[in-house]
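Visitor: With the hints as constraints, model all of the structure from the sequences given.
There are 2 protein chains.
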Amino acid sequence: MENKVVFSVDEAEEIIKGIDFKKMNGLVLVIAQDSKNNKVLMQAFMNKESLMKTLTTGLMHYYSRSRKEIWQKGISSGHVQKVKQILVDCDQDSLLFKVEPIVASCHKGYYSCFFRTIDGTIIEPKVFSPEEVYKEK
Amino acid sequence: MENKVVFSVDEAEEIIKGIDFKKMNGLVLVIAQDSKNNKVLMQAFMNKESLMKTLTTGLMHYYSRSRKEIWQKGISSGHVQKVKQILVDCDQDSLLFKVEPIVASCHKGYYSCFFRTIDGTIIEPKVFSPEEVYKEK
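Order-wise, the sequence lines are chains A and B. Oh and the first sequence: position 25 is 25 in my numbering, straight run, nothing missing. Basically my numbering = 1-based index in the second sequence + 137.
Any given hint could be a false lead.
The calculated lysine-lysine pairs, modelled on PhoX-like cross-linking and capped at a C-alpha distance of 25 Å, are [stated by the list, open to error]:
no., chain 1, residue 1, chain 2, residue 2
1, B, 173, A, 22
2, B, 176, A, 36
3, A, 4, B, 263
4, A, 108, B, 245
5, B, 245, A, 17
6, A, 36, B, 221
7, A, 108, B, 263
8, A, 36, B, 173
9, A, 23, B, 159
10, A, 68, B, 160
11, A, 84, B, 173
12, A, 39, B, 221
Covered stretches of chain B (chain A as the covering partner; in silico rule of three or more C-beta atoms under 8 Å from a C-beta of chain A) [claimed, not checked]:
no., region
13, 159 to 168
14, 176 to 188
15, 211 to 225
16, 249 to 257
17, 265 to 272
If you anchor each label on the Cβ, the simulated ranges turn out as follows [as the list claims (entries may be wrong)]:
no., chain 1, residue 1, chain 2, residue 2, range
18, A, 58, B, 204, 35 to 45 Å
19, A, 14, B, 259, 31 to 41 Å
20, A, 56, B, 239, 32 to 42 Å
21, B, 209, A, 65, 27 to 37 Å
22, B, 261, A, 56, 24 to 34 Å
23, B, 262, A, 18, 18 to 28 Å
24, A, 14, B, 261, 17 to 27 Å
25, B, 158, A, 8, 15 to 25 Å
26, A, 26, B, 239, 27 to 37 Å
27, A, 18, B, 261, 15 to 25 Å
28, A, 134, B, 157, 29 to 39 Å
Hints listed in this document are in silico derivations from the structure and should not be mistaken for laboratory results. Please read all numbers here as calculations on a predicted model, not as lab measurements. Here a beta-carbon is modelled for each residue, glycine too, at the ideal position from N, C-alpha and C.
Guide: Structural data, given as structure tokens:
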């Protein structure tokens with residue numbers, strides 16, 4: 001079942017045992033990629049609890065290092081990411097989630113967080129207004 | 138020039154000033170993606186010096202946290218990665234390199250380091266024999 005993406009708590013606990021959280025002090029590296037066009041949307045982190053929530057709900061939950069808390073992608077914006085496939089790397093410390101993003105993934109209003117070249121050219125149009133979407137800010 | 142990928146030392150120094158190395162204790166997160174099919178090949182790290190080498194040579198150079206040294210991808214295997222486009226994320230602490238990989242990117246013999254689903258199904262064939270390629274091991 002290579003595309004199984006939602007697991008029971010028991011299954012998720014067993015999967016999490018095989019992931020190496022030690023190298024990043026309790027975190028793993030996470031890449032979110034659009035399952036339809038393979039564009040990379042964002043790079044972030046998960047701890048065990050956020051991985052557990054992701055595996056049992058099918059919706060991406062990350063861990064914020066600055067706020068020291070779990071956050072569900074899209075909880076305030078509605079821009080959730082639905083899990084479509086989950087891959088793990090050879091070292092078991094990096095996870096690649098193929099997802100179906102709703103609207104966009106970058107909090108700055110772009111489809112992808114990688115909307116700029118390293119020398120400063122913006123290569124994507126804005127697709128939403130952060131001021132409108134994140135009204136509490 | 139959105140696809141400029143090889144820079145002079147002066148240009149590279151200027152670019153590196155805009156990258157945030159603080160959050161990861163002197164490192165940035167790096168994703169390597171095949172420029173032809175958008176498949177993610179690997180996730181690794183760069184420090185300032187390895188980013189400088191990558192920007193000035195057009196060939197991927199990473200930083201190994203375990204060996205505490207810079208390594209050029211493919212230096213022993215010949216499986217280099219040629220830089221084709223460099224994107225930076227909204228927080229300036231994660232870099233996405235679109236590359237042309239020669240042969241393969243995973244030291245375990247697979248085209249991509251992400252050759253397995255999280256529940257253990259191998260989804261890619263081996264494309265080379267690590268025992269043959271890494272003869273010093």
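Visitor: A separate judgement is required for each hint: does it hold in the structure or not?
Guide: Right, here's what the structure says about each hint:
1. B:173 <-> A:22: violated, 34 Å
2. B:176 <-> A:36: Satisfied, since the Cα-Cα distance of roughly 12 Å is no more than 25 Å.
3. A:4 <-> B:263: holds, 23 Å
4. A:108 <-> B:245: violated, 38 Å
5. B:245 <-> A:17: Measuring from Cα to Cα gives roughly 21 Å; hence the hint holds.
6. A:36 <-> B:221: holds, 22 Å
7. A:108 <-> B:263: violated, 40 Å
8. A:36 <-> B:173: Distance ~15 Å between residue 36 (chain A) and residue 173 (chain B) Cα, so the pair holds.
9. A:23 <-> B:159: Holds, at about 18 Å.
10. A:68 <-> B:160: Judged against 25 Å, a Cα distance of about 13 Å means the pair holds.
11. A:84 <-> B:173: holds, 22 Å
12. A:39 <-> B:221: holds, 15 Å
13. 159 to 168: Per the Cβ count (3), the hint holds.
14. 176 to 188: n = 4 at 8 Å, threshold three: holds.
15. 211 to 225: holds (count 4)
16. 249 to 257: holds (count 8)
17. 265 to 272: n = 0 at 8 Å, threshold three: violated.
18. A:58 <-> B:204: 35 to 45 Å: Taking Cβ atoms as reference, residue 58 (chain A) and residue 204 (chain B) lie about 38 Å apart, which means the hint holds.
19. A:14 <-> B:259: 31 to 41 Å: At 18 Å between Cβs, range violated.
20. A:56 <-> B:239: 32 to 42 Å: Distance hint for residue 56 (chain A), residue 239 (chain B) holds at roughly 40 Å.
21. B:209 <-> A:65: 27 to 37 Å: holds, 29 Å
22. B:261 <-> A:56: 24 to 34 Å: At roughly 27 Å between Cβ atoms, residue 56 (chain A) and residue 261 (chain B) fall inside 24 to 34 Å, so the hint holds.
23. B:262 <-> A:18: 18 to 28 Å: holds, 22 Å
24. A:14 <-> B:261: 17 to 27 Å: holds, 23 Å
25. B:158 <-> A:8: 15 to 25 Å: violated, 41 Å
26. A:26 <-> B:239: 27 to 37 Å: 36 Å Cβ-Cβ, so the 27 to 37 Å window holds.
27. A:18 <-> B:261: 15 to 25 Å: Distance hint for residue 18 (chain A), residue 261 (chain B) holds at roughly 18 Å.
28. A:134 <-> B:157: 29 to 39 Å: violated, 22 Å
Against the hints set out earlier in the document, violations occur for numbers 1, 4, 7, 17, 19, 25 and 28.
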